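Chemist: Kindly produce the complete structure, drawing on both the sequences and the hints.
Read left to right, the sequence shown gives residues 1 to 369 (our numbering).
Rather than coming from a laboratory, the hints here were simulated on the basis of the structure. Zero decoy hints are in this set.
Mimicking EDC-like on lysine to aspartate or glutamate, the simulated pairs with C-alpha atoms at most 16 Å apart in a straight line are: (1) Lys131 - Glu96; (2) Lys121 - Glu96; (3) Lys93 - Glu114; (4) Lys121 - Glu274; (5) Lys309 - Asp337; (6) Lys93 - Glu17; (7) Lys29 - Asp358; (8) Lys93 - Asp39; (9) Lys309 - Glu334.
Distance windows between CB atoms, simulated: (10) Arg236 - Arg124: 39 to 47 Å; (11) Leu368 - Ser251: 28 to 36 Å; (12) Gly225 - Leu66: 27 to 35 Å; (13) Arg228 - Leu368: 44 to 52 Å; (14) Arg46 - Asp337: 44 to 52 Å; (15) Thr118 - Gly357: 32 to 40 Å; (16) Ala56 - Gly357: 22 to 30 Å; (17) Ser178 - Gly248: 13 to 21 Å; (18) Glu324 - Asn82: 54 to 62 Å; (19) Ile348 - Leu76: 35 to 43 Å; (20) Leu76 - Ser178: 50 to 58 Å; (21) Ser354 - Val273: 33 to 41 Å; (22) Val273 - Gly52: 38 to 46 Å; (23) Leu336 - Asn82: 49 to 57 Å.
It should be emphasised that the depicted structure is a prediction, and the values quoted were computed from it without experimental measurement. For every residue, glycine included, the Cβ atom is placed at its ideal position computed from N, Cα and C.
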Amino acid sequence: MILVSAQAFPPATGGIENLLHGTALYAAKAGYRVVVFADGGTAARRHDATAGMPYATRRFTGPRPLRRWLKARALLAAARDNPIDALFLDTWKSLEPLPAGLPFPVVPWAHGNEFPPTPRKTARIRRALSKASHILVNSRETDDRLAPARPGHVPRSILHPPVFPAAAPDADDLAEASRLWGMSRPRLFSVCRLIDWKGIDQAIRALPAIRAVHPQARYVIAGGGGDRTRLEGIVREAGVAEAAIFTGRISPGLKTALMRSADLFLQPGRQVVEEREGYGITYAEAALEGLPTICGSAGGAPEAILPGKTGLVVDGTNVAAIAEAGLTLLSDPERLDAMKHAARAHGIASLWESRIGDLLAAAGLTTLT
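Modeler: Following this line, the structure appears as structure tokens:
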């Protein structure tokens with residue numbers, strides 16, 4: 001049996017949620033019995049009852065300290081009653097309430113932004129991670145951020161988060177994508193949580209320079225988040241209200257339809273205070289649909305593409321550099337087409353089915369089916 005412990009888990013959305021869902025789903029597909037211990041109340045339990053997943057999910061509610069204690073107690077009870085092959089955890093935070101010396105492999109993920117550069121917090125993280133058997137790190141950049149908190153005796157490996165096969169768009173998705181694009185060309189696309197360090201503001205500021213050469217260019221921005229009001233103000237200031245379109249959160253099928261019909265994935269993230277991309281799964285998702293990328297140089301985002309082959313890396317603080325990168329690719333159809341083919345191959349290599357063996361190997365396991 002494989003156990004998975006997560007604070008954030010579907011139906012909540014986000015990179016960590018998808019990563020732990022993928023861990024559970026593909027471990028089950030690899031032949032293991034899997035039980036997930038996750039936060040969530042009535043709505044999450046309703047989701048679990050109808051999701052039809054090949055793993056079991058137990059949910060925990062209440063104030064955070066109580067929730068963590070209840071989850072740890074239930075997990076240890078399951079370990080007493082069943083032979084356990086491994087325990088995978090979302091972060092060090094889920095490992096912290098568990099005892100040291102568990103008699104099976106204990107493998108937490110490291111993502112990047114959960115490692116603040118403060119001595120007191122670093123010591124606390126190191127104590128928690130000392131209970132691990134192995135640490136899975138989502139990028140080389142995160143590995144650098146982890147270094148001060150990583151216990152010397154705990155091995156780690158870098159595993160870029162895998163991607164799921166794309167959801168097939170239905171007729172409504174295709175019609176909505178067509179409506180959003182209209183007759184525009186070229187088509188620029190982003191999908192992310194709308195927060196400042198994703199770089200959507202800088203992409204909007206670069207749009208007038210791109211439209212000076214390509215007047216019909218349109219930029220569709222998908223995703224929800226607290227930064228939307230500020231971004232809408234930047235759209236008005238830049239004078240591109242007819243060209244920058246916000247969709248809010250979208251369905252998986254519509255995301256696929258928009259990626260397949262776009263020309264360029266434009267998401268030039270940067271560092272804001274200590275926040276930056278630990279990896280950048282949406283860049284790999286775009287690659288799977290053959291969509292070349294312009295990403296920012298901060299954090300682990302450049303590791304999600306093959307620089308110069310599947311996209312370009314730019315200084316996300318430099319609007320002129322973002323615009324120049326966009327124009328460079330859009331003005332060279334042969335290069336853009338070559339990048340589309342390379343991106344597709346890179347995306348296929350990033351699929352969960354290609355990577356689950358590496359994840360299981362961190363716990364000394366192999367696929368059973």
